[in-house]
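J.: One letter stands for each residue in the lines below.
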Amino acid sequence: MNPYLPILFMLVIATAFALAAMALALFVGRPRPGPERKFAPYECGIEPVGSARDRFPVKFYLVAMLFILFDIEVIFLYPWAVVFRQLGVFGLIEMAIFLGILLVGYIYVWRVGALEWQ
Amino acid sequence: MRAYLWLIPLLPLLGVLINAWFGHRLPRRVSGAVACLVVFGSFVLGVAALIRLIGMPPGQRIIYHKLFPWISTGGFESAVALMYDPLSAVMVCVVTGVGFLIHVYSLGYMAHDPRYPRFFAYMNLFTFAMLMLVLADNFLLMFVGWEGVGLCSYLLIGFWFERKSASDAGMKAFIVNRVGDFGFLLGMMFIFAVFGSLRFHDVFKQVAADPATLTLTVTGICLLLFVGATGKSAQIPLYVWLPDAMEGPTPVSALIHAATMVTAGVYMVARCWIMFLNAPLALTVVACIGALTALFAATIALVQNDIKRVLAYSTISQLGYMFMACGAGVFAAGVFHLMTHAFFKALLFLGAGSVMHAMSDDTDIRRMGGLMKWLPVTGVTFWVGTLAISGIPPFSGFFSKDEIIWSSLAGPMGSWVFWVFGVVTAALTAFYMARLTFKVFHGQPRMSGEQKHHLHESPPSMAWVLILLAVGASLAGFLNIPPAIAHLLHLPERWTAAFTNFLEPSVGTHEQAVYLLEASVGGSQIGFAKLAHGLQHNAALEFGLMGITLALAAGAILTGRWMYVSRPGTGTALARKLPFLFRTLQNKYYLDEFYKAVIVRPGMALGNALWRGFDVLVIEGIVNGIAIATAIISRLFRVFQTGYVRNYAAGILAGAILIIWVLMR
Amino acid sequence: MTAPSLQIITWNLWVSAPVCALAASAMVTLIAGAFWPAFARWLTPCLALGGIALTAAFTILAGMLGLPPAGMQVMDSFTVVFDLIILIAAFITVLVSNHYVTRENLERGEYYALMMLSASGAMLMAASDNYVMMFLGLELLSIPLYVLAGFSRGRSESQESALKYLLLGAFASAFFVFGAALVFSATGSTNIVVAGDATERALVGTTPIYVIGLAMILTALAFKVALVPFHMWTPDVYQGAPTSVTAFMAVVAKAAGFGALARVAAAGPEGSWTVLLWGLSAATMIWGNLLAISQNNIKRLLAYSSIAHAGYLLMGILAGGRAGISAVLFYLLAYAAMTFGAFAAVIILAGRGDGAEDIEDYRGIARRSPLLGWTMAIFMFSLAGLPPFAGFFGKLYLFSAAVEAGYPGLTVLAVLTSVMGVFYYLRVTVVMWMQEPEAESGPAAQTSAPLLSRLVLSALAVAVLALGIFSSPVLRWTNSGSAGLERSAEAAIQMTLPEPTNAPAALSGGSR
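Chains as they are written, first to last, in this note's numbering: chain A, 1180 to 1297; chain B, 174 to 838; chain C, 4 to 515.
It is worth saying that the hints were derived from the structure and are not from the lab. Do not rely on the hints blindly, as some may be mistaken.
[As the list claims (entries may be wrong)] Taking CB as the label site, the calculated pair distances span:
#1 B/TRP668 with C/SER461: 56 to 62 angstroms
#2 C/SER461 with B/HIS627: 42 to 48 angstroms
#3 C/PRO211 with A/ALA1243: 41 to 47 angstroms
[Unchecked claim] Here are a few chain C residues that sit away from chain A, every Cβ distance over 10 angstroms (derived from the structure):
#4 ILE63
#5 VAL434
#6 GLU493
C-beta: ideal position from N, C-alpha, C; glycine also.
Modelling step: build the complete structure from the supplied sequences, incorporating the hints.
T.: Have a look at this one:
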């Protein structure tokens, strides 16, 4: 039982913190702000100009997703570089395969025209 | 011998392939002839094998032929293997012999049907499956045949599927049979679990070697197997499909629903005689169900007005007789009646078909009468069938039915109760058959003018079949002359109970039966078996009881003549006097309605409710925004309207909690 | 960390060779489709078929080498049998898909590549004796399936199907990871057998954590194979997804889940574990069959039918042992043949745009096309479990394994529910054979199909019949698979015994 006691504490504290924050807001916060304020995108700061729900090209999403994919590739290289010496040739081959697979993905993306803005 | 045993089932299969693939390209004549010839070929081979069998010494009359190993892995072994012993021989000869005659009859009967080759393909397929059923040397292969005949029966009942009633009847037969089959399947699994084999030989050897300890297990297995038999052989409570099955073409009714397939249950019980004798409780259940069904169906047959339905209920009743004989421990009597019944019931059905042919497919006996004048051959042969089924000597039914009634008293498990059921049913049988025959063939013609104009005797191919079957129905009984009569007439020894003696290696002797029964219940508790043993040789009693049965049957026929010919209208008057009884019988004791209300409808309702509750309300109702009819339910479900995927996820979560709870308990 | 010896690396490469081969073929297919889109119509399916055949060759070869466990994956005879079943299924999928993909304009190189990747995930799942690897397999199986479910982009049902599958699939996967983490924290191992063995021998005093972890893993697998109450996504997703993808899902994803379950099942705690599997199996077959009765859409009907079959399959897992697992493998093969057959027929019948998917649309179709009528009747009879078709023998083996393992009650229930099943399977046949086609408006069922589709349909019908009549050699083959599973479990325990020997000697214990 002992080793799990901290987890229990953490659970209790987390719950208590969440509840406390909500309670605090209830007691300390000013009740009922005006409805027009409440429904504004930002309750403070500059008044919005126009709707935030603009349509913008789906290509942004595509680029964003591709960025995340290849971003992870780069991030994965860091820990590998740190332990490169210990892993030796084995590690080098492994990383080559990993990069190779991503290269295939890159070629594919390039070839089907996902990188072109038109 | 072995070399051609496998040809017996193969020939009909060949016929199926020819008719299924080339049937529509062949001339009708050829396609029909092929179908008849293959069955005839099987018949010839069956008889040849039977002669070979008789030539062997009685103790060794069995031929095994293993075709190929089917399943052989680890603990599970099963082969496609055939077995030809006296019981199989009788069944093969009946199936192919009567089957051949009915095939020939169909040539004429189905002559104008557009799906002629398909009909014969189905008929041959049925013959193949039925032969596999009776030739199998293990339960699994038998089950395959068992399902095969069920499938063919379904296809043939729904053969005229343009009529909704026909396709519904096919469906009903199939589903009701599946209920029975599940019993068979479970019984088979338990056999395998207990005995480690599905071969008849292995299983029965183990049972016979150790009857005392196995009784309880075997009783369970036998009851499960008997559930299967009640489905296939239309016994209470699963008989409801057979009357509806009359929607099929009449030759089908004759072949499948009278002569062969429906007797598969009797065959199976007789085949497993060692197991059933080791389970007196199961045997008692068999006898009770048989006796009840015999009486029950006979009463319903009294008031039916459809010529085929009368015969259908009569079939159910006669099958009940066969089970009663088996239940009394005299399996040979059941099988003997099976054989004679195949002759005279096929004859009666084909006669009915001939009448329908003449009457432009009208089946209502209230619109018939005096047909003897127009259909002399049909009329005379029908009379032979009627006298046979009523048990009037010297027709075959007399011998077989008398043996059953006597066995129900004198058999190892016999009792006076069964005897009373048997005799009353015999009287009722004679009466309803007399009613049917007199109403159809005698008295005043009641048909419309147009029908009268068309009346004609059937073509020769059909008439000859009727004559041949009538000869069979008249003479088949002499195969098994009871010892009492044989002694009286000083007949030679080999004429006495020849059929029973022939069957004994397959279904056991009286002494074996008594031995097994006593071993099952442990010693001498079963005193009545000894009593019955004493009764066996009481010729005076046998003659006395035979006289009672005969007198009742003859009296019933005469009453029938009086009620429906001399004083037509008596029946109607009687019906008016006893309206409740009459209506109950006419509606078959309301059993169909009962099943519908108790089983079919709740099942459908449950399925529908679950479907409505889940699919319509949760998924379609909420997702597609279809207005939900009942406000309360809609309000109830609106709580979850925040998103259905979340509901599914909640289901997964609940399930996970359930799993954890079960595992942590 | 010392670098592993070259010999071990070679062995390990062989162990993972089949999965790698399939994944590599998938990449080749992908690139080929991207570079020569003009030839994609015939080039990609051919490459896919070639890749699958190559993988099968690798699998057989690797199986013959008798490789020791590789630590994360095992190439025992169970893996070999299972991989081949998956590969056969993938092969049929490609053949079945061809007509559909062409008709619905889904021809893109990705289609076949994704399917192959998903199949490699399924293979990985069954080959892994380690929860981490199994999770990788699960994801590799699922992610391409999410994409495939939404592959006909124009149809909103397809998108809906994909989104539902993605959300719920991710939810279920989370259970798996968390469960694996709990198992590791409780036993210090992610090896299935070792972790189970550690708890059994009470080497660690934290069984509850292990059990909770296992329960979560079971939840995720139960989701994948659609056991009640984790089945609710099935009808929606099956209905919306492109039909060829549905067939793939119904067979391969389910098979993968059962492959993993077969490996995990032995690790369950005594007593309550069997109660749990008993209950899940019973609930699944009752619920699946009951709901199937009232379906009018053929794909929904097949979805509920696939749920019901999952219940039967779980019986085999519950029975366990050689007979039980062997019966599961045989049933998977039979199920693959008849399910693919049914879906292949639906693909043809539904016509362009999947218009005719209601059973009522198929009235009297058997008279217009005897081929469709007969083959569909065979598939339906087989699914219903009538002899002499494959489905009957599959059920027979499963049920007798369950009876022998001491679950007669569950067997009775299974037989009863399969009687219920006859009703709705038969209804399809009755509609096709025994009802007049209606002349009213509404989507008409199609009967014309290219030669390849007709050939595949006939071949599947023959296979269903042949699996029934000549089930013996197939069953012997699946028996070897279940024997391999047992041996691997023993070998895994051997490896954890104290006395660390040098690797090759210890590893060779699992080879022969």
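J.: Hint by hint, note whether the structure agrees.
T.: Tested hints:
1. For the pair B/TRP668 and C/SER461, the supplied restraint of 56 to 62 angstroms holds, since their beta-carbon distance comes to about 58 angstroms.
2. About 47 angstroms separates the C-beta atoms of C/SER461 and B/HIS627, a value consistent with the hinted range of 42 to 48 angstroms.
3. Taking the beta carbon of each, C/PRO211 and A/ALA1243 are about 43 angstroms apart, inside 41 to 47 angstroms as hinted.
4. Against the 10 angstroms criterion, C/ILE63 stays outside the reach of chain A, whose nearest CB is about 24 angstroms from its own CB.
5. Here C/VAL434 stays apart from chain A, with its beta-carbon at least about 44 angstroms from theirs, past the 10 angstroms limit.
6. Interface exclusion of C/GLU493 from chain A stands, the closest Cβ pair being 30 angstroms apart, more than 10 angstroms.
Every hint, counting from the list given before, is met by this structure.
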